[in-house]
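> Chains as they are written, first to last, in our numbering: chain P, 14 to 431; chain W, 14 to 431.
Check each hint, because a few of them may be wrong.
What the hints assert, rightly or not - Simulated restraints on C-beta separations:
no., chain 1, residue 1, chain 2, residue 2, range
1, P, Ser335, W, Asn116, 46 to 56 Å
2, P, Gln55, W, Asn427, 29 to 39 Å
3, P, Met14, W, Arg96, 34 to 44 Å
4, W, Glu367, P, Gly217, 35 to 45 Å
5, P, Arg179, W, Pro313, 39 to 49 Å
6, P, Leu107, W, Asp207, 14 to 24 Å
7, P, Pro313, W, Glu197, 36 to 46 Å
8, W, Asp317, P, Asp16, 23 to 33 Å
As the list claims (entries may be wrong) - Quick list of in silico lysine to aspartate or glutamate cross-link-like pairs, EDC-like style, CA-CA up to 16 Å:
no., chain 1, residue 1, chain 2, residue 2
9, P, Lys237, W, Asp207
10, P, Lys86, P, Asp52
11, P, Lys345, W, Asp26
12, W, Lys237, P, Asp207
13, W, Lys345, P, Asp207
14, W, Lys71, W, Glu54
15, W, Lys345, W, Glu307
16, W, Lys86, W, Glu54
17, W, Lys345, P, Glu322
18, W, Lys237, W, Glu298
19, P, Lys345, W, Asp207
20, W, Lys237, W, Asp207
21, P, Lys237, P, Asp317
22, P, Lys287, P, Glu307
23, P, Lys237, P, Asp103
24, W, Lys364, W, Asp337
25, P, Lys345, P, Glu322
26, W, Lys364, W, Glu322
None of these hints come from the bench; they were simulated from the model. Treat the numbers as computed from the prediction; the structure is a model and nothing was measured. All C-beta atoms, glycine included, are put in the ideal place defined by N, C-alpha and C.
2 protein chains.
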Amino acid sequence: MSDIETLALACRDAAQAVAQLTTQRKNALLEAMAQALLDDEQAILAANAQDIEAARAKGIGSAMLDRLRLDAKRLAGIADALREVAALPDPVGLVTREETRPNGIVVQRVRVPLGMIAMIYEARPNVTADAAALCLKAGNGVILRGGSEAIHSNTAIAASLKRALREAGVPDAALTLVEDLRRETMLELLQLTDIVDLAIPRGGEGLIRFVAEHARVPVIKHYKGVCHQYVDAGADVQVALALLLDGKVSRPSACNALETLLVHAAIAAEFLPKAAELMRARGVELRGDERANEFLHATPATEDDYAAEFLDLVIAVRVVDSLDEAIAHIRKYGSDHTEVIVTRDEANAAKFIESLRSAVIMVNASSRFSDGGELGLGAEIGISTTRLHSYGPMGLEALTVERFVVRGAGQTRNLKLA
Amino acid sequence: MSDIETLALACRDAAQAVAQLTTQRKNALLEAMAQALLDDEQAILAANAQDIEAARAKGIGSAMLDRLRLDAKRLAGIADALREVAALPDPVGLVTREETRPNGIVVQRVRVPLGMIAMIYEARPNVTADAAALCLKAGNGVILRGGSEAIHSNTAIAASLKRALREAGVPDAALTLVEDLRRETMLELLQLTDIVDLAIPRGGEGLIRFVAEHARVPVIKHYKGVCHQYVDAGADVQVALALLLDGKVSRPSACNALETLLVHAAIAAEFLPKAAELMRARGVELRGDERANEFLHATPATEDDYAAEFLDLVIAVRVVDSLDEAIAHIRKYGSDHTEVIVTRDEANAAKFIESLRSAVIMVNASSRFSDGGELGLGAEIGISTTRLHSYGPMGLEALTVERFVVRGAGQTRNLKLA
C-alpha cells in the first residue's frame, strides 16, 4: 500500500468516529481548534515567514504573496471563522422528511456525513483551517492537499488543529495534511474511489481542470464565473447603476463579480452614458459592441471578451433588442454561475429565471450576493457549477447527503409466514 | 464532430425545451407516450420477436430471455408505468426553502432539472420507456443506450415514444436512442463532460464497473447489494422469521434481498432452528459459521460467502456476541445498500442506525422495502450507493437539483452609489 493510501485509509477510519460525535462535542472541538491556533500564534507566524521568504526568493508576485501572508490579525480572523462554524446549525441527523406509508412503515430521510473529503487548494493557508472546520462540523474526515508555497504555514496550522483533535479524544487522522506534494501523489489520491467520497478543488482554473480531468473520485467544482447583468427596458436606472458598481468594482477578482453588461436598446441611451461615467470614474475599462459604443465610445468587444472572466476592472457591454436576445447571449457565453436581471416587469423576471439554468439568479440584487455567507449558508466550502449534488454556493449541508431510515413492526413486502 | 457528439448536443438542446414545459404539458406528453406504445403494439411485439429469435440463436439463457420478452400484457404494463409517472408530483420549480436575509433580499432554493442524462442499460426493454418517462417528467433530456440483445425492441419503443413527443410539439431529440452499439461509441458518450450531466448505468456489476471506470461524466451507481439482517437478543422471533422469509425468498435476484443473517448468541438457540426449518422448506441453502452450525448443521460459510451477493436462494449465517460485533461485520463486508435490525430495544436500534452508513436502514421491516416505490418515491430510476447527490433509491427528485433564486430591491453588498 502506498503512503497516500495509508493516510487516506486512516482518515476514512477516523471519519467514522467524527460521524458519531454529538453536535455539542463537535462544537467544543471547533472552539478548541480556534484556541489552539491562537495559542500557537508564534509558531504559525514563524512558519508563514519561511513560506513568504521562499516565495519572495522565487520572485512570486505581490497578489499571491498577499494571499499567502499571515499576521496576528489574520490568524485571529481564521480562529474567529472556526468559532462561526461552531455556531452554525449541525446538519447531521436532521430529519428532512417523514412519511407513514399505507402499510404502516415510517420512512424518514435523514442527513448523514458524506464520509471523507479531499480538499485540493493553492496558496491560501486559511483554507486549511476553514475547510477542516466545515468538513468536521458536517461529520466528515478531511484530507488537505495545499499548494507548495504554503507548506510551512499549512503544516503548522494542521499540527495545531490536530493537537486540538487529540485533546478532544478524536482520532487526529480525521484531519490529515498531505506533506508529500508531488503531483503523482495527488493523482494517486484522486484515484482512491473506495476511500475518498468527494474531492473539492479550490483555486485557479488550471488546478481545477487538472483535478477534474484526472480524478476518478467524484469532484465538485466550478471553473469560472462569467456573470452577466441584464438591464431590461423600463428598469430603475439607479438600481441598475448601483448593482453595476457593486458587481464590477467591489471585488473584481471574485468569481461572483460581473463580467458582461447586457442592455436593452430601449434604455441604452438613458443608461449607458451614466454607466460609462460611473465605470470610468472607478477605473473600469469598457469594451462595447457597436451599438453600445454609440454611447460608450469604448474599445470594441470581441468574442473572447464575451467568454472572458476578466478578474479585473474590465467589463464587456452589449446592447440587445429583447430579453430573448439577452437570454441567448447568456446561454452562449455564460458559465452557469450567477446572472442578474434589473427589471420592473415581473413577467420578464420570471422568463429570465425559467430560461436560464445558472446556479444563482438575482432579480434586482447584486451578483456579489452569490456567496454562501450572503445567501444564508453560514459559510462556504466552495461553489458548484456542476448540476449534481449541489449547485451554487455550498455550505455545511452540501457536505452531507440524505439517506433512508425506516421503522416498522414486522411488515413484509411479498411473503408472510404461514 | 462525431455522430454521438452530434446526437448528444441535439439532445441537450432539446432538453432546454423540456425543462420549460409546464407540469400539465409534461403529463399530457407521458399519457400520449403510453398511448403510442399501445397503438404500436403490433410493431413493437414484432421487433421484440426478432430480438428473441436472435437471442435464442445465440443460445442466451432462459433468465435473460425472460427479461427480454415482451407480450401484450407486459407492454400494457409498461404503458401503465408511464401513466403512473404522469400522476407523480412534479419536482421541477418546487421552492424547497425561502429565507429573507437581514438586508431584505429573499433567497429561495428552487428545484431545476439536471439537464441531460445518459442511461446505460442491458437487456430489459422496459427500461427504455421507464427511464425516458422519469427523465422527461423531471424536465431532462435523455440519451438511451441499451444492450444489443434488445436493439430491435428498443428501436421500436423509442420510435413510438418519439412520435408522441413530436405530436406534443416537443423536439424529439429530447429522447434519443443510441443505435450504434459499438463499445467505443459508448466510451465517447461517457467522455462528453460539457454535454452529459449524469450517467446512470443499470444492469450487472460488470457493466456498472465498466461505466464507472471509463466515464468522465458524473456517474451514479450501485455495484451490488450485500444486505444484512441482524437479529438482536430479545427480538420478536416471529418478526425475525417473517422478515427473513420475505427478505431472502420473495425475490432472491433483487439487490434488496438478504444475503447474510447475523444472530445474537443469546437468541441463537431459539431462533436458528426455526430459521433453518423455514429456509430449507423454501429451498434456501444455508452457509453457517461454526457457532451457527451447532443449530443449522449447514455448509461452513467462507470469507467469500460473507462478501457475496448470491442473487440466489443461498444465505450466509453468523452468530455474534454483541450488537458491536454485528456492526463490525456489516462495516467489513457490507456494500452500503440496506441493513435490517430486528430488535425490541430502542437504544440498540439507535446505535445500529448511527453506527452504519448504509443508504437504507430498516428497523423491524423487510429489506425488500428498499425500493423507490415502497419508500414513497413513486418510481425508481436507480439506486445509489455512492454518498453524493442521492443515496439509496432514486426517484424523480434525484433527477433534479436545487439552485438559488434571489429577489431584491436594488441591494448591494459592499458599494453604494455616492
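> Which hint numbers doesn't this structure obey?
1, 3, 6, 14, 15, 17, 18, 20, 23 and 26
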